[in-house]
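Chemist: Please build the complete structure, drawing on both the sequences and the hints.
Heads up: the protein sequence lines correspond to chains E and H, in order.
For the first sequence, counting from 1, position 125 maps to 125 in the numbering used here; every step adds exactly one.
For the second sequence, counting from 1, position 88 maps to 245 in the numbering used here; every step adds exactly one.
There could be a bad hint or two in this list.
Within a straight-line C-alpha distance of at most 20 angstroms, the following computed SDA-like cross-link-like pairs (lysine to any residue) qualify [to be verified]:
1) K42/E / G208/H
2) K32/E / G177/H
3) K42/E / E248/H
4) K29/E / G177/H
5) K251/H / E131/E
6) K192/H / G68/E
7) K192/H / T242/H
8) K29/E / T242/H
9) K251/H / T130/E
10) K42/E / G238/H
11) K251/H / V235/H
12) K42/E / F211/H
13) K42/E / Q225/H
14) K29/E / E88/E
15) K29/E / I147/E
In case anyone wonders, no lab produced these hints; they're calculated from the structure.
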Amino acid sequence: MGDSRLNAKESLMSIHLSGCKEGLQALQKLAKDTCAEACLDKIQLNRIALALDELFANIHAHGYANNGGEIDCSARWIESEDKQCRLEMILRDYAPTIKDIKLCKGVCPDTLKEHPVAGGLGMNLIHATTEIFEHSPLVDGNQWRLIFNVKQKKEDK
Amino acid sequence: MSLKIDIQTVDDSAELEVNGDVTIQTSNQLRNDLKPLFESTLESIHVKLAGVEFMDSSGIATLVEGLQWSKRTGGRFVLSGLTETVRDVFELAKLDTIFDIQA
Numbered sequence: 001m002g003d004s005r006l007n008a009k010e011s012l013m014s015i016h017l018s019g020c021k022e023g024l025q026a027l028q029k030l031a032k033d034t035c036a037e038a039c040l041d042k043i044q045l046n047r048i049a050l051a052l053d054e055l056f057a058n059i060h061a062h063g064y065a066n067n068g069g070e071i072d073c074s075a076r077w078i079e080s081e082d083k084q085c086r087l088e089m090i091l092r093d094y095a096p097t098i099k100d101i102k103l104c105k106g107v108c109p110d111t112l113k114e115h116p117v118a119g120g121l122g123m124n125l126i127h128a129t130t131e132i133f134e135h136s137p138l139v140d141g142n143q144w145r146l147i148f149n150v151k152q153k154k155e156d157k
Numbered sequence: 158m159s160l161k162i163d164i165q166t167v168d169d170s171a172e173l174e175v176n177g178d179v180t181i182q183t184s185n186q187l188r189n190d191l192k193p194l195f196e197s198t199l200e201s202i203h204v205k206l207a208g209v210e211f212m213d214s215s216g217i218a219t220l221v222e223g224l225q226w227s228k229r230t231g232g233r234f235v236l237s238g239l240t241e242t243v244r245d246v247f248e249l250a251k252l253d254t255i256f257d258i259q260a
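Modeler: Structure, rendered in structure tokens:
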């Protein structure tokens with residue numbers, strides 16, 4: 001699956017979510033716990049939380065029509081040939097399969113000044129915060145793979 | 158997390174001071190507070206965001222409604238006090254040059 005340059009280093013944890021509010025909180029806790037010892041800066045932590053928030057909200061609203069549904073999530077650190085540290089998060093839902101992810105494109109920011117619309121920003125933010133954002137249609141749902149290229153800040157001695 | 162919003166209206170201007178995370182769970186509260194302002198005859202609306210550390214696209218979408226109000230009425234819709242993380246979200250969405258953002 002995905003980029004062959006990336007090798008699994010360590011599987012951190014996986015969780016099973018349902019519902020909206022509690023699920024989102026659990027998902028963000030997963031991200032926070034995964035990043036806890038990575039010494040990431042505030043901006044990077046916020047970007048990871050934001051991408052998960054947006055993807056979860058989209059699955060909940062569009063995949064499950066706000067009725068709740070199951071989401072599996074896993075996170076792990078992966079190492080690449082360039083020695084950059086990357087966080088991979090995979091979400092799997094059991095919502096109706098999306099055949100063509102291109103239909104889920106967000107609003108174009110360039111047109112907002114003349115034609116401000118209050119919607120469609122979530123997908124843009126997911127793309128902007130991730131190095132890789134992939135969707136795989138499954139027989140009984142969808143798989144979403146997010147790769148974050150993170151830079152560790154120097155620890156205070 | 159709940160959102161705390163203080164609103165002060167003086168003459169033709171309104172100021173909203175927002176504290177808390179603006180997310181899909183709380184953005185309706187901000188929308189509900191802004192809606193009557195958008196339907197009034199105000200000339201300017203100033204949203205102070207120094208107390209907001211996290212904002213997602215639903216929060217931004219709510220503020221985009223301020224852009225729509227500004228475009229429709231000619232009123233001034235101003236954001237200020239963006240924290241480092243919220244400013245980063247505006248930059249990621251390429252909205253930092255579209256909104257009237259003050260320090």
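Chemist: Straight-line Cα separation of K251/H and E131/E no greater than 20 angstroms?
Modeler: With Cα atoms ~17 angstroms apart, K251/H and E131/E stay inside 20 angstroms; holds.
Chemist: Decide if the proposed pair is consistent with the structure: K251/H and V235/H, CA atoms, cutoff 20 angstroms inclusive.
Modeler: Roughly 17 angstroms separates the two Cα atoms, so the pair holds.
Chemist: Tell me if the straight-line CA distance from K192/H to T242/H falls inside 20 angstroms.
Modeler: 26 angstroms, violated
Chemist: Hint check: K42/E vs F211/H, CA-CA at most 20 angstroms. Holds or violated?
Modeler: Roughly 11 angstroms between the alpha carbons, so the hint for K42/E and F211/H holds.
Chemist: K32/E and G177/H: Cα distance at most 20 angstroms?
Modeler: 19 angstroms, holds
Chemist: Against the 20 angstroms threshold, does the CA-CA distance of K29/E and I147/E hold or violate the hint?
Modeler: 18 angstroms, holds
Chemist: Tell me if the straight-line CA distance from K251/H to T130/E falls inside 20 angstroms.
Modeler: Cα-Cα ~15 angstroms, so holds.
Chemist: Measure nothing beyond the straight line between the CA atoms of K42/E and G208/H; if it is 20 angstroms or shorter, mark the hint as holding.
Modeler: Cα-Cα ~16 angstroms, so holds.
Chemist: Run the distance test for K42/E versus E248/H: straight-line Cα separation, threshold 20 angstroms.
Modeler: Holds: K42/E and E248/H sit about 15 angstroms apart, inside 20 angstroms.
Chemist: For a C-alpha distance cap of 20 angstroms, please report whether K29/E and G177/H respect it.
Modeler: 18 angstroms, holds
Chemist: Are the Cα atoms of K29/E and E88/E separated by 20 angstroms or less?
Modeler: With a Cα-Cα distance of about 15 angstroms, the restraint between K29/E and E88/E holds, given a limit of 20 angstroms.
Chemist: Sort out whether Q225/H lies within 20 angstroms of K42/E, counting only the CA atoms.
Modeler: Between K42/E and Q225/H the Cα gap is close to 31 angstroms, so the pair fails against 20 angstroms, i.e. violated.
Hint compliance for this structure: hints 6, 7, 13 are broken, all remaining hints hold.
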